[in-house]
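Q: Given next are the chains, with one letter for each unit.
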Amino acid sequence: MHKRQSFQHIMIHIILLIGTGITILPFLWMVFTSFKTVGEAMSIPPTIFPKTFNFDSYKNILESLPFGRVYLNTIISTLVTVIGQITFCTMAGYAFARLNFPGKNIIFILVLSVLMVPGQIFLVPQYMIILKMGLLDSIPALFLPNLFSAFGTFMMRQFFTSIPKELEEAAMLDGCNRFQTFGRIMVPLVKSGIVALVIFTAKFAWNDFMWPMIVNTSPKMMTLGPSLSTLQGQYITDYPAQMAGAVMAVIPMVLLFFIFQKQFVEGVAHTGVKG
Amino acid sequence: MGDMTKSNVKTVKRKATRREKKEWVAAYIFIAPLVIGLLVFYIYPFIQNFWFSFNDVNRFNITTFTGLENYKNLIKDKELFQTLGNTLKYVVITVPVGLALSILIATLLNTKIRGTSIYRTIYFLPSVTMSVAIALVWKWIYNGEFGILNSILGFFGIEGQNWLSNPKTALYMVMIVGIWMTVGYNMIILLAGMQGISRSYYEAAAIDGAGPFKRFFSITIPMLTPTIFFVMITSIISGFQVFDTIYMMIPKTSLAYESTQTLVMMFYRYAFDYGQKGYAAAIAIFIFAIIMLVTIFQFIMQKKWVNYD
Amino acid sequence: MKKSIKRLATLGLLAIMGATFLTACGKKEENKDGGTATGKKTTITFGIWDEKQRPTMENLVSAYEAKNNNVNVEIQLTPYKGGEYWTKLEASATGGTAPDVFWLNTLHAESYKDGGILLDLTDSIAKSDLKLEDNYPKALISMYQFDGKMYAIPKDFDTNALWYNKAIFDKAGVAYPTDDWTWDDLVATAKKLKDAGLDAGTYPIAAPLDFQTDYYPTIYANGGWILNDDKTETGYEDPKTQEGIQIWIDLINAGLSPDLATMTDTSADAMFEGGKLAMVFAGSYMTPEYMSNDAINKNVNLVEFPEFNGIEPNIINGLGYAVYSGSKNKEAAVDFALWLGSEEAMKIQGEGGAVISARNDAQQYFAATNPDLNLAAYTNHSDIAFPLPVCKSSAELYDLEANQLKWAYSGEKTLADTCKELKAGADEILNKMNK
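Protein chains in written order, with our numbering: chain A, 1 to 275; chain B, 1 to 309; chain C, 1 to 435.
To be clear, the hints were calculated from the coordinates, so they are not data collected in a lab.
This structure is a prediction, so every number in the text was calculated from the model and none was measured.
Note that the Cβ used here is the ideal one computed from N, Cα and C, for glycine as well.
Just so you know, not all the hints are guaranteed correct.
As the list claims (entries may be wrong) - No farther apart than 25 Å at their CA atoms in a straight line, the calculated lysine-lysine pairs in the PhoX-like style are these: (1) C:Lys171 to C:Lys191; (2) C:Lys231 to B:Lys252; (3) B:Lys78 to C:Lys191.
Stated by the list, open to error - Far from chain C by the CB rule (all over 10 Å, computed), these chain A residues: (4) Ile22; (5) Leu25; (6) Thr52; (7) Leu62; (8) Asn100; (9) Ile106; (10) Ile107; (11) Leu123; (12) Tyr127; (13) Leu173; (14) Asp174; (15) Leu256; (16) Phe260.
Work the whole structure out from these sequences, hints included.
A: Pasting the structure below:
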C-alpha cells in the first residue's frame with residue numbers, strides 16, 4: 001500500500017515537473033533578459049544566460065519613477081478594489097444563487113452581458129463619468145469603476161450554488177435572519193472561492209494598464225503598469241528595461257499569492273469539517 | 001438559470017406571502033450596490049455603444065444618425081467573417097484543451113504530495129505577468145531563425161520554420177500562448193472548487209474501496225460541475241475576446257495576419273486606429289450577440305450536466 | 001468575530017470612498033479660486049509622448065518660463081506605442097480637458113481638424129514674427145495646412161538614410177558606402193558582400209515592408225505616386241510606382257535581403273542591431289536607438305539615401321505643436337506654441353539631439369550632436385524630399401497596403417496583380433472617406 005502510494009506520488013511529480021518546465025522557462029528568460037545590456041539582449045542568436053549580471057535596468061527604473069509613490073498607489077488601488085469587489089460580489093452572488101425575487105433572471109443576464117462586449121467600449125464613457133464626478137487625476141479614479149465586477153458576481157454565484165441547501169435552512173430555523181445566515185453560515189463556506197476571487201481581482205487591479213493611463217495624468221497618481229510603459233520611448237526597444245519592469249511588477253503578486261495560498265489550504269480544513 | 005425560471009413563474013402567478021416579500025427586500029439589498037455600480041459604469045456605456053452603432057461617430061463622439069448603415073456594411077464585410085472564423089477556431093480549441101489541462105493540474109495539486117505550494121505558485125506565474133513581456137518572450141521562442149522551439153525540434157531532427165509568419169501555424173502558436181497564460185488561473189478556481197467538496201464523500205468512497213480514478217470521476221467531477229461550468233463560460237467569453245497578445249505578436253506585415261485576426265482586433269482597429277467609432281460599435285454589438293447566444297445555449301445545456309446539489 | 005471583520009471591512013471601504021469624495025470636492029474648489037481670484041500665474045498643460053525627448057521638452061519649458069514668469073507649463077507624457085496617447089487625447093478632448101498645447105502627427109492632423117479640436121493659428125502666426133514660409137520647409141508647412149489655414153507649428157521632421165555596419169564591411173573587405181552612391185552601387189556592393197561570404201544568417205541589406213523608410217522614397221524618386229492631390233485616387237497601378245516597389249522585391253529575390261517571413265520574425269532594425277545586417281535604411285528617429293545599443297554603436301555610420309532615377313529619394317514627415325481649441329488659456333497656449341517655433345526654441349530642441357528641428361536655421365544642430373556620425377545625410381537634401389502622402393483614412397490605407405503588398409514581397413503573387421487589387425480596395429476607402 002505504502003509503496004504504491006509513493007509510486008503514484010513520483011508519477012504526479014513527473015507530470016507536474018514537465019508542466020513546471022514549460023511554465024517557468026519563458027519566465028526565466030524574462031528574468032535573465034532583464035539583467036542583460038541592450039546590446040546583449042538584441043544579439044543574434046540570443047544568449048540565454050546574461051554574460052554579466054547588469055542591474056542598470058532596475059536602477060534606471062528606480063531612479064526615473066517616483067517609485068515609492070507609484071507602488072503605494074498601486075497597493076491602495078488594488079486593496080480597495082479587492083475589498084469592494086469581494087463585498088459587492090459576494091452579496092450579489094449569494095442573492096443570485098439562493099434568493100428568489102422578481103426580475104432575477106433579467107438582472108442576472110444584464111450583469112453577465114457586461115462581460116460580453118469588448119472591454120474597450122467602457123473606456124471613454126467611464127472617463128466622462130469620472131470627469132463629471134470631478135475625480136480626474138485622483139486615487140479614487142483608479143479604482144471606482146473596478147469595484148463592480150460581473151465576473152466576480154458570477155463566480156461567487158457558482159460557489160454559493162454548490163453549498164448544500166440544508167445548512168442554510170437549519171440556520172434559518174435557528175432564528176437567524178437572511179443577513180445573519182449570509183454572514184455567519186454562507187460566507188465562511190465559500191471562503192476558498194473568496195480567496196480565488198481575491199487573487200483574481202488583485203491580479204487584475206495590479207496589472208490594469210489602459211484605465212489608469214487614461215484617467216490619471218500626473219506621475220504621482222499613476223500605478224505601476226502605466227508608469228513602466230512611460231519609460232519606453234516611441235522607437236526605442238529597450239528589452240532589458242521592459243523585462244525588468246515586468247519582473248518588478250510580478251514580484252509582489254507572486255508574494256501575495258504565496259501567502260494567500262496557505263489560507264487556501266486552511267480554508268480546506270475549515271470547510272471540510274463543517275461540510 | 002433553469003431552476004430560477006420555475007420559481008419566478010410561481011411568484012408572479014400567485015400573491016406573494018409576507019415571507020417571500022421579506023426575501024425580496026433582502027435580495028434587493030444584497031444586489032443593490034453591485035447593480036447600481038454596474039448601471040453607472042457599465043450598462044450606461046453599453047447603451048451608449050448601442051446608440052453609437054446606429055450612427056456615424058467620429059473620434060470625439062460627435063454622432064450623425066445613419067440608421068442601419070453600419071450593420072448593412074458589416075454583414076457585407078468579408079473581414080467580419082474571416083475574423084469570426086479565426087475567433088471560433090480559437091475558442092473551440094483553447095477552451096477544451098485549457099479546461100482539461102487546468103482540471104488535470106488542479107487534481108494533481110489537490111493530492112497530498114510535497115511542494116504543492118511551490119507548484120501552485122509556478123503555475124500561477126504566467127497569469128500575473130504583463131502581456132507585453134509574455135508576447136515578447138514567446139516571439140523569441142517561436143523565432144524562425146534562432147528561436148528555442150526550432151532548436152529543440154532540430155535536436156529531434158525535425159525541421160523548424162517561421163511559426164508566426166506561416167498562415168497555417170500562426171493561429172495555433174498563438175493558442176498555445178493563450179492556454180499557457182490562462183491554465184494557471186483556471187487551476188486556482190478549480191482548486192477552490194475542489195476544496196469545497198466535503199471530505200465525507202471521499203471517506204465514504206474509501207470505505208467502499210473506490211480507487212483514485214473512480215473517486216475522481218464519481219465524486220470530484222460531479223461535485224465540481226458548477227465550478228467547471230463557471231470556468232467554461234468565462235473561458236469561452238474571454239476566448240471570444242482574445243486580443244492583446246495576438247496584437248503584439250503578429251505585425252501587420254505578417255503573412256499570417258489574416259489568419260490570426262480576431263473579432264476584437266477588428267473592433268479595436270476601427271475604434272482606435274481608424275477613428276470610426278460607429279462601425280466599431282456595430283462590431284461590438286455583433287460580438288455581444290454571438291457571445292450571448294453561445295452563453296444562453298450553455299445555460300440551457302447546463303441542466304443536462306451541471307450538478308447543483 | 002467573522003461578522004465584525006466583515007463589518008469593519010465594509011466600514012473601511014465606505015470611509016475610504018467618503019474621504020476621497022471629500023478631498024476631490026476640495027480640490028475642485030481650489031482650482032476655481034486659482035483661476036479667478038489670484039489670476040496671476042496661468043498654468044498651461046503640454047501633451048507629449050516620447051520619454052526620450054522629455055529632457056529636451058523640460059529644457060524648453062524652463063527657458064519659456066524664465067521669460068514669462070506668470071506662466072507655468074506642465075508636461076503630460078502619455079506613451080505612443082499602443083495608441084494610448086491618442087486614446088487619451090481623444091477622451092480628454094471629448095470631455096473638454098485636453099492639454100492646451102500638444103504634439104500632433106500628420107496621421108491624425110486632418111481628422112482632428114475636422115473634429116474641431118485644433119485651434120486655427122493662421123492669424124496668430126501672421127501677427128507674430130515667425131514668418132513660416134521663410135523659415136520652414138514647404139513640405140512641413142503643407143502637412144498642417146488645410147484650406148489655407150495653419151493648425152500647428154511644425155516641430156521636427158524625419159527623413160531616411162542608409163546605415164551600415166563597418167565590422168561586416170571590414171571582414172568582407174568591401175569598401176564602405178558613400179554619400180554619392182546610386183541605387184546600382186548599392187546593389188553591386190550588396191552582391192560583393194554576399195560573394196565575399198558573410199556569416200550564416202547575415203545579409204548584405206534588408207528590404208522590409210516599410211513604406212516610409214523604404215519603398216515610398218523610391219516610388220516618388222521614380223516619378224510614381226501613391227495619392228493624388230484631390231485624395232480621390234491611389235497610384236498603385238502606375239508602372240512607375242510599381243518600379244519603385246519592384247527594386248526592393250528584387251533585393252529579396254536575389255538573396256541580398258532576408259525574406260519577408262524572416263523579417264516579420266526579426267525586424268530589420270533588430271537584425272541590424274544584432275549585427276546581422278551590413279546595411280539598413282532607417283529614419284532619423286532611429287539614431288538614438290542605434291546609439292544606445294552598446295553592441296553596435298562603435299561600429300556604425302550612415303550615408304545619404306542612394307540616388308535613384310537621377311534623384312535623391314526621400315520622404316519627409318514631421319510633428320507639429322497644436323493648440324487645443326477648447327483651451328481655457330488660449331492666449332497663453334498660443335503664445336507658448338508660437339515660441340516653440342522660434343529660433344531660440346528650435347535651437348534648444350536641435351541640440352537635444354533626439355530629433356531634427358523643423359526650422360531651416362536649426363536643422364544643423366542635429367548633425368552637430370554626434371560629430372562621429374555622418375548625420376548630415378538626413379538633412380543634406382531635405383529640401384527636395386517628398387512629403388509623406390496622408391489623408392484622413394491613412395491608417396486604414398497603410399494597413400491595406402501592407403496586407404496586400406506582402407503577397408508580392410513573399411512571391412505568392414505578382415506585383416502587378418497585387419497592385420490591381422490594392423488600388424481597387426484603396427480607392428474604395430477613399431470613396432467612403434470623401435462621401
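Q: Does each hint fit the structure? Answer for all of them.
A: Now the hints, each set against the structure:
1. C:Lys171 to C:Lys191: This hinted pair holds, its Cα atoms lying about 15 Å apart.
2. C:Lys231 to B:Lys252: 24 Å, holds
3. B:Lys78 to C:Lys191: Status violated; Cα separation ~43 Å.
4. Ile22: 21 Å, holds
5. Leu25: 19 Å, holds
6. Thr52: 12 Å, holds
7. Leu62: Its Cβ never comes within 10 Å of chain C, the nearest being 16 Å, so this holds.
8. Asn100: 24 Å, holds
9. Ile106: 27 Å, holds
10. Ile107: Nearest chain C Cβ is 22 Å from Ile107 of chain A, so the label holds.
11. Leu123: 7 Å, violated
12. Tyr127: About 4 Å separates Tyr127 of chain A from the closest Cβ of chain C, which leaves it inside 10 Å; violated.
13. Leu173: Given that every Cβ of chain C is farther than 10 Å from that of Leu173 of chain A, nearest at about 19 Å, it holds.
14. Asp174: 15 Å, holds
15. Leu256: At roughly 17 Å from the nearest Cβ of chain C, Leu256 of chain A sits farther out than 10 Å, so the non-interface label holds.
16. Phe260: 16 Å, holds
Of the hints listed earlier, those the structure fails to meet are numbers 3, 11 and 12, in rising order.
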